[in-house]
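Start from the sequences, fold in the hints, and give me the full structure.
Number of protein chains: 6
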Amino acid sequence: MRIGIIGAGGMAAYHAKGFSLAGGAEVVGIADPNVQRSEAFAAMHGIAATYRTMKEMKTQHPDLDAVSIVTPNKFHAPLTIEALQMGLHVYCEKPPARNASEMQAMYDAAKRSGKLLMFGFNNRLRPESKAMASYIRQGEVGTINSAQATWIRRAGIPGFGGWFTDKELSGGGPVIDLLHMIDLALYFMGGYPEPKCVLASTFHDFMGNASFKGPWGGIADGKGKMDVETACHAMVTFKSGQCLTIRNSWAEMNEREVVSVTFQGTKAGGKVERLFGIDGGVDETSVDSAVLYTEEYGRQVNRNIITEKMRRWSNFQCDEFCAMPGGWH
Amino acid sequence: MRIGIIGAGGMAAYHAKGFSLAGGAEVVGIADPNVQRSEAFAAMHGIAATYRTMKEMKTQHPDLDAVSIVTPNKFHAPLTIEALQMGLHVYCEKPPARNASEMQAMYDAAKRSGKLLMFGFNNRLRPESKAMASYIRQGEVGTINSAQATWIRRAGIPGFGGWFTDKELSGGGPVIDLLHMIDLALYFMGGYPEPKCVLASTFHDFMGNASFKGPWGGIADGKGKMDVETACHAMVTFKSGQCLTIRNSWAEMNEREVVSVTFQGTKAGGKVERLFGIDGGVDETSVDSAVLYTEEYGRQVNRNIITEKMRRWSNFQCDEFCAMPGGWH
Amino acid sequence: MRIGIIGAGGMAAYHAKGFSLAGGAEVVGIADPNVQRSEAFAAMHGIAATYRTMKEMKTQHPDLDAVSIVTPNKFHAPLTIEALQMGLHVYCEKPPARNASEMQAMYDAAKRSGKLLMFGFNNRLRPESKAMASYIRQGEVGTINSAQATWIRRAGIPGFGGWFTDKELSGGGPVIDLLHMIDLALYFMGGYPEPKCVLASTFHDFMGNASFKGPWGGIADGKGKMDVETACHAMVTFKSGQCLTIRNSWAEMNEREVVSVTFQGTKAGGKVERLFGIDGGVDETSVDSAVLYTEEYGRQVNRNIITEKMRRWSNFQCDEFCAMPGGWH
Amino acid sequence: MRIGIIGAGGMAAYHAKGFSLAGGAEVVGIADPNVQRSEAFAAMHGIAATYRTMKEMKTQHPDLDAVSIVTPNKFHAPLTIEALQMGLHVYCEKPPARNASEMQAMYDAAKRSGKLLMFGFNNRLRPESKAMASYIRQGEVGTINSAQATWIRRAGIPGFGGWFTDKELSGGGPVIDLLHMIDLALYFMGGYPEPKCVLASTFHDFMGNASFKGPWGGIADGKGKMDVETACHAMVTFKSGQCLTIRNSWAEMNEREVVSVTFQGTKAGGKVERLFGIDGGVDETSVDSAVLYTEEYGRQVNRNIITEKMRRWSNFQCDEFCAMPGGWH
Amino acid sequence: MRIGIIGAGGMAAYHAKGFSLAGGAEVVGIADPNVQRSEAFAAMHGIAATYRTMKEMKTQHPDLDAVSIVTPNKFHAPLTIEALQMGLHVYCEKPPARNASEMQAMYDAAKRSGKLLMFGFNNRLRPESKAMASYIRQGEVGTINSAQATWIRRAGIPGFGGWFTDKELSGGGPVIDLLHMIDLALYFMGGYPEPKCVLASTFHDFMGNASFKGPWGGIADGKGKMDVETACHAMVTFKSGQCLTIRNSWAEMNEREVVSVTFQGTKAGGKVERLFGIDGGVDETSVDSAVLYTEEYGRQVNRNIITEKMRRWSNFQCDEFCAMPGGWH
Amino acid sequence: MRIGIIGAGGMAAYHAKGFSLAGGAEVVGIADPNVQRSEAFAAMHGIAATYRTMKEMKTQHPDLDAVSIVTPNKFHAPLTIEALQMGLHVYCEKPPARNASEMQAMYDAAKRSGKLLMFGFNNRLRPESKAMASYIRQGEVGTINSAQATWIRRAGIPGFGGWFTDKELSGGGPVIDLLHMIDLALYFMGGYPEPKCVLASTFHDFMGNASFKGPWGGIADGKGKMDVETACHAMVTFKSGQCLTIRNSWAEMNEREVVSVTFQGTKAGGKVERLFGIDGGVDETSVDSAVLYTEEYGRQVNRNIITEKMRRWSNFQCDEFCAMPGGWH
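Protein chains in written order, with my numbering: chain A, 2 to 330; chain B, 2 to 330; chain C, 2 to 330; chain D, 2 to 330; chain E, 2 to 330; chain F, 2 to 330.
Treat each hint with caution, since some may be false.
[To be verified] Listed below are the simulated BS3-like cross-link pairs for lysine-lysine, each with C-alpha atoms no more than 30 Å apart in a straight line:
(1) LYS240(F) x LYS226(E)
(2) LYS131(E) x LYS272(D)
(3) LYS197(C) x LYS197(D)
(4) LYS168(E) x LYS268(F)
(5) LYS272(B) x LYS240(F)
(6) LYS226(B) x LYS240(A)
(7) LYS197(A) x LYS95(B)
(8) LYS226(E) x LYS268(D)
(9) LYS168(D) x LYS197(C)
(10) LYS268(E) x LYS224(F)
(11) LYS75(B) x LYS268(A)
(12) LYS268(B) x LYS272(F)
(13) LYS272(B) x LYS240(A)
In short, the hints are calculated from the structure, not lab data. What you are looking at is a predicted structure, and each value in this text was computed from that prediction instead of being measured.
Spelled out as structure tokens, the structure:
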């Protein structure tokens, strides 16, 4: 399978490494309007060709099968739609888009094209998530009544004035950036149940305060915009009777960075969790767990599931399909 | 100060012990329609007189100053109003009432009588709560943006078919029974801010399942009603811009019993927490903590506050006034 | 049910307390040739009558239903047989007897009498044992291939020269005294499978060395015999293909006192374990656990079972029959 | 000293690294019938020459002093005997052979040749083992009455159908593969005491079940044989009165991978232990300990010995002779 | 042996309990100028007679053998000397006296009288201290070069204005009150070596600050004096070449209450330590340890000594003589 | 800024790496009388030129701005003075000199030259030290009454007979080598208060004993001198009324390597600490902490300060001036 990478930013390295490890995938080129950056990237990752645009890449590689879109969020929708229209499968980094209408357009384009559109929800492929999904699929959890999706940081704003904090470019702050656990909870709850009511509050404290900056994202030149939230609390009820509580923050006076989905089912509850040693820390500093809470023969039982350590690029060794509901091709 | 206890059930023992330890308080009698029970109670606690009704007690003790009402929830409002009308101060066990209209009538009666009406929110007097309140009062936390009030049990339904599970008598399940943390969060957030929007879901699983019964509350004869919720998830937004997330359960597939308020302020966050060794366990098995999350000189800091161990009857050695907002007399 | 206790030694107190808590049991008397001891015991436990012999007790109480035999091991067989012949049910302290031929005689007597003969294997009724038995009974463990029965102490010889260390009176040392885990393992393995081959080694070190004495059992006058083993290691294979490894010690250079059965089944393994804080410690110092080792959906899983704390007298609140194989009545 | 390596499989890399670190050793060539494999190995490890056979190597290097034999177990005996007959010292990977008669032939050949025959029992050279051996040698342990040799894995079968699971090639399963602790226990017990009686049970569950495969050893093509045990339990008594209990498994429903020798002596007990973080894990994930259990001035004492971290290739920096009893040259 | 207790304050209860448990001791009376207090004490502890003075007691009990002096420090010297002159053995609570000249007079009186004078250095009899003393006595530690004696509290001033804080009555603050570890270190160092040089600093912060009051010692009426130190740091060198560092505090910004002696010898080092759960806490909340640091066969080793839990009154079950150097009778 | 490194020993690598990471610094050459060593160093670190002497370097680089002196201690004073006289700024490794008179001469030379003289007290720049200094500077600690400076090793002598153990070359043992915590304490106490009295003891045990050698420093040829102390205990009082207790050791029977400053102030106490996993271990094995002990609203509070991990070369990214008191230029 011949693949092109669109965008030579920080996350692209994980895509390049992932494709190199996945059997059957070949990266034929990297496209980025910043030629210097794409050439440096190509050199470092042993990629043969660089292009300014996806279109140029497709022209040079008529047999291109798919693209991996790794750009600021603003470009997800137009590039995805363009790629699908060119007959390419698309692997698009998360978040899918900046808002629902962009998402709808992408969805429609995928439907029309008959091509596969998949998003970078790599947290579904964490060993803990996959383990938990097995129990849910087999009916051991029953119906999930309630769930809590949490990705909170204490001091982890990704720079001040870069594209992350510019709503026009990003679509929003931590809810957009750290939406993995919301996705995972909805996936666990049975294929994205239909919402009935949403209640949410956002806060904007600590933006621009250097004590709350995370380890990645440059300080930027301070001239950029900082018009996104730093924290959000929300609750969603669903037509199915289920409910979901959401917490996302880049900066909030919390104990530590917590990444987790917990849920309470009619037959069992559970938790998949990653506790970072330090905010925004690398995988090696984290403590990961997957536990199922059950009742067996009249006693309460905690099932600790032994899993391997997650690695960031492992999502490219996919063994299951991760698309949004509906199938999309 | 001359005090009468109304109701000779399980919690009354804490009231009797508390009054005996509080200087200046004298328990003059116990009133309960069940004569056998009130006499046994009087004998065990060294109380001189027993009565069938509060009225009878007041007649015999014209100099009675106050009553402590320790009955099923249904009787809180009528007994409180009757006592206030007789010119007595009232210490009423939590919850205040079964619903808002009962509460309003109690409030009005207190206002009219000029007497003090106080509720058994003893968790405000936990050492951890009092410590945290000091910081909040001194402005070290800033404005609390968001808070989480949690009292969840995994397997702690107080019997099947007694008054706890009968909505007519109790007014509701764990939200009514374990409302301490909701009270504490609202107290911390600055005197019960005015709600703007409430979203809530309740669940009824595990009711009647013996594996989910807690250590207190008899099984009852099974003929009583079991028409209250076993778990609730809710979110409240306030006109002040603040928000509160609530979890209460008697029975839910959770990890363990957790009793806590956490909050995120504009200057500091914090947590007061009690983790029980076993669900519904006695105080001695719990791990209690009070921590403040601050930023100092550009670094994140956790302040661990050293407190003594809470004892249940300590709320009677009150050193601060615990009434609902408005003052009430 | 009318019960008599035979023997007023240390363990009899647990029997008296247990019967007082078990509904429907009434202790009518205590028999012991040492009158002073039986009278002190009766006074302390509120027992109405004392006798020198079981026979005397039966004569005075023709309606006696059962006896609890709590004597040095030498008397288990003759007293049990005598009681069965008098038409009494028998609850006999462990070990059943000093050797296999005594045991056979007791078994035969029980068969002939049609009365119930039960032994004090209270470790089957530990919360952890009962929990584990549920899984085994339900087939979740499959066939137990191999098991390890362990009750080892580091420094816990029950005195020097009393009846515990006199083979004529006791029948043996720790294998006889601490045989609970052997019983529990055989119970778990499916009703006492038939042995095929036994290999064992015993050791006699540290006998008489005060550094290795446990907290109970007096030093005695040093004139008594000390002719039993202090440690034993053994392996048993069974005709079923199963095998069992055994460790028992009163005194051996081990890390600490360990009381456990571990097993490896064709579908799951497991462990019930009690680790004492100090050798021969009281129940309150122990750490107890029950864990099942399973494989679920391709992953290894540890199921931690939450149980209440065991109390020594709880074996008298029996809810299951604990007799040796064959049924016996 | 001029050395040749025979066999270019996975373990050979440790030999090459070890010899490169040991002063005075020079690796002159690698012999393997698979030319491609030996050439790749030589290139990676900077070895000058490759050969198809040991004989060819010896012919080219008449001054060869010794060989290191790193082949499937079937070839240990014939290659060792051939080497000894050519006048070479031999370092042979463990296990010595597939069975006792092969072993006897190797022993006889060594005796006849006057050359040194040594086996890869590198666990004798773990820092913990060496520390414990010091105490034993100095008489601080007294006589070891009993010992337990344990190397058990929960899910660690080295592939299905390769040479490890083929009895013809390997001689057996985990008892053969993980025999290090048996060797270490016998070494501690005083130079391989003479057995008196052996009782053993083997089991074959989980063979071919992918959930029980370890991290090394390929899946193989499934066409190979899988006729070895997956678990073994055994007990050996010795003419000296000592006894040894053995557990070995590749796949068994155990808690985790445990590698240890514990023993109980007449003066002290002890334990050397390696607990792996995950089954078959690398050294870095393990927790290693060496503890001596003693009695001093009437009190029980645990001596925790501080050791460095073991590294796999350290066995080539030998400072003591590790041969089987008898000396062998 | 007939004993009288002099002084009916708080510590006297431990003396009464201790004597009742020690075989052969009989408490014949209690003397205290405060009659009400002595009568209450006698009633509670079952003591037959009360007196106003020691002299009165001796007159009534000509066969009195010994007295236990449990008074404010000011009275230790005069009462001890008076008792010795009356021909009584004396057990005097710590500290021996307020200063060296009082001590000298007591020492001289003991010498002259030929009677035994012993002080309440009960920390020498802690199980940890006795264990460590065994090693020192046997020469396993070699010469102690240096030691650290530490009893520091963070918030433990024994009231404000009682006799503890009045220098005239007490002789000093924490150095006088918490001198146990200084005594223990000097005892370990080989019988009170002769000082060569002393350097010390005292501090007086937090006196009168309620946040730094401990759990015992009343607040007093505030009219008493508060002229003693709250913390002291000191170093002593000895003519033997040894040195000792001392820390004592009632109130100092320390982490927690620590009670320990650590030392570094020419052959081994060691530590006996008690860490209190809360400042001034009861014995049950403490974590106690005794560890020896040795070098064995070229490796560093920590010997953890297993001891029973200390109980405060156990010093009356003395099995060794605890007098100051010189023997004293 | 153009910098030369003087001395190509082990620590020079940290200097080279540090300068390469600090913006604006350029290393123009390395000077060492051992040409082979300086050329190897230059090759490894990409340094263009090597010289035999500092003078030679200065001649070749007339525009040299500063030198970094990384030599045995004996040469610190003469090289520093020579460099200052040549008009160079000097960064001199710790310790400043072998004794006070050398130090005075260096100080005078710096004053005269008007150039900056700074020492390698990199522990002031540990994240924990910088955090603690912020609180002290802001007055949150009040006056530090007392402090404890500790750098003790159990088995960490840097070789036998090299320059570290030769007093002529080094000036002394661990007090000289591990003086960082003394410097840090004096810095915290308010700019090197003026001493009033010093009391100290040194010990020389374990010198030459291989069991007490640390991981760095060669064994040397054993011909060199070993005339420095292995351990020191000291106390200093200051004219300000403050006091400091000091412990330094390379070899002493301690529990483990501890590196810390603790202090007790009139408003708060604190601790910065590094506990090494193994003596002389690398940074990665250490556990670092910074805690402030305060009293807030009547309760004792521990403030745990979250800091990043220290890296050894980070002292070259200086953001504050680290010179001795007086400013020095």
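Looking back at the numbered hints, which does the structure fail to meet, lowest number first? 5, 7, 8, 11 and 13
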